[in-house]
Structures are given as structure tokens and as C-alpha cells.
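Construct the entire structure; sequences and hints are all you get.
Protein chains in written order, with my numbering: chain B, 80 to 192; chain F, 786 to 896.
Hints listed in this document are in silico derivations from the structure and should not be mistaken for laboratory results.
None of these values were measured; they are calculated from a predicted model.
The C-beta atom is built at its ideal place from N, Cα and C for all residues, glycine as well.
Don't take each hint at face value.
Stated by the list, open to error - Listed next, with one range per pair, are the computed distances between beta-carbon atoms: (1) B:K119 with F:I895: 23 to 31 Å; (2) F:G844 with B:K123: 29 to 37 Å; (3) B:N130 with F:P866: 36 to 44 Å; (4) F:N812 with B:N130: 26 to 34 Å; (5) B:H152 with F:K827: 15 to 23 Å; (6) F:G844 with B:T138: 37 to 45 Å.
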Amino acid sequence: DTAVSQTPKYLVTQMGNDKSIKCEQNLGHDTMYWYKQDSKKFLKIMFSYNNKELIINETVPNRFSPKSPDKAHLNLHINSLELGDSAVYFCASSQGAGGNTIYFGEGSWLTVV
Amino acid sequence: QKEVEQDPGPLSVPEGAIVSLNCTYSNSAFQYFMWYRQYSRKGPELLMYTYSSGNKEDGRFTAQVDKSSKYISLFIRDSQPSDSATYLCAMNSGGYQKVTFGIGTKLQVIP
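Following this line, the structure appears as C-alpha cells:
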């Protein structure tokens, strides 16, 4: 029974397209995150939501828009995809301000061609 | 200078060896220190976390934090081929502050 699940796992798309990645957690956590891991394997936070409220918004292009319909879901929509957006995107969750115990999903491999 | 520095490796050791993985950091506000393990094409999984300075042991794994030197370590005793993965250190200053990750050290344990 997957704790943090995200779909799709693999996504190949053309430049300029709009795509979404969905994430759901069944851990009962109230904080969710999106992380990006680039080709150099560097893992960086993009967004963090607590009870559907945005609490961390790193320097991310406006083309990336997170949406949290409820505290168990955090989706990521990306407009006008660029080659540099190719990366692995990880959804994650934690309880409260427990940023020290983050549970990650399996990742979504995005390739922009 | 990056906030968190970690040697990406790769580090190859024979089975049964003691492995030492390390990170240095520059932000003295960091109080929580974590180690994650990431297998190929998988998400990171939390191995251990410690608060402030000191040691913490869990089975074959020992985490050490030296805040005076801004240096953290993860030791793996009796390393196994199944320990082959990338190990990422991570840290934050608590609350809702973001967690900053090291780049990860790729470890290979050779049978």
C-alpha cells in the first residue's frame, strides 16, 4: 500500500506543451512538497503546502503552478514546457513542521524533447 | 560556497567493510540532520535523523553530528551489497524551514 503515490511515473512530451503530475498521500500528513532532482542528482525543494496553504515557494518559474485540493493531494501543473524542465520530480509529505521526517514518492521522470 | 557539501563519489568498498559518509555545512542555524538512502530510480527514504550534536545508532548505522565543526557523518558497519545506493545528507533549522540536501554520495558494496 503506497504511502506517497504520484502519476505518471514516466512522461515524454514536446517543448511548449502543458502537463500535470498528480500526487496523493495516505499517511494522514498535513504538509506536502514538490522537489526537483536534476541531471546532477541535486535535490531541491520547489513548493511546500501545509493544510492546503502555500508555505514555501522557492525561486521557480511561473510556469510551474502547484494545486492542493485537500491536504492529501498536491498536484503540479507545468505550462509551456522547456528542455531545461527535464528532471525527476518527487512529491513528498510530512506531519506538521516535521520537515526532518519527509516521506518521498517514487518520482516522475519528465523528459522534454 | 554551497550550504551543504558532499562528495558525490562513487565510493566502492568490499562487503563487510565499514563505510564512512560525510557532509559539511555552512549554515550555523541548522539543527536537524538527516540521512536519506536512494536506490536507483526510486525516491529517497529516510534512514536516520538527529537533533543538534551527538551520536545516534540504529542497527548497523550510526549518525554523528559535530556542530562545532559543522560536520556530519554516517557510518555503516558490516556493509552489504544491498547497501549499494546513493546516500544524501539533509538538514534544516526546524519549523517549516526548507530542508537542504547534499548532492549525495554513490556507494557500491562489492560482494
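Each hint tested on the structure:
Range check, B:K119 to F:I895: Cβ separation about 25 Å, and the 23 to 31 Å hint holds. In this structure the hint that F:G844 and B:K123 lie 29 to 37 Å apart at CB holds, the actual value being about 30 Å. With their beta carbons about 42 Å apart, B:N130 and F:P866 fall inside the hinted range of 36 to 44 Å. About 27 Å separates the C-beta atoms of F:N812 and B:N130, a value consistent with the hinted range of 26 to 34 Å.
Taken as a hint, the range 15 to 23 Å holds for the pair B:H152 and F:K827, whose Cβ atoms sit roughly 22 Å apart. Against the hinted window of 37 to 45 Å, the Cβ-Cβ separation of F:G844 and B:T138 comes to about 39 Å, which satisfies the hint.
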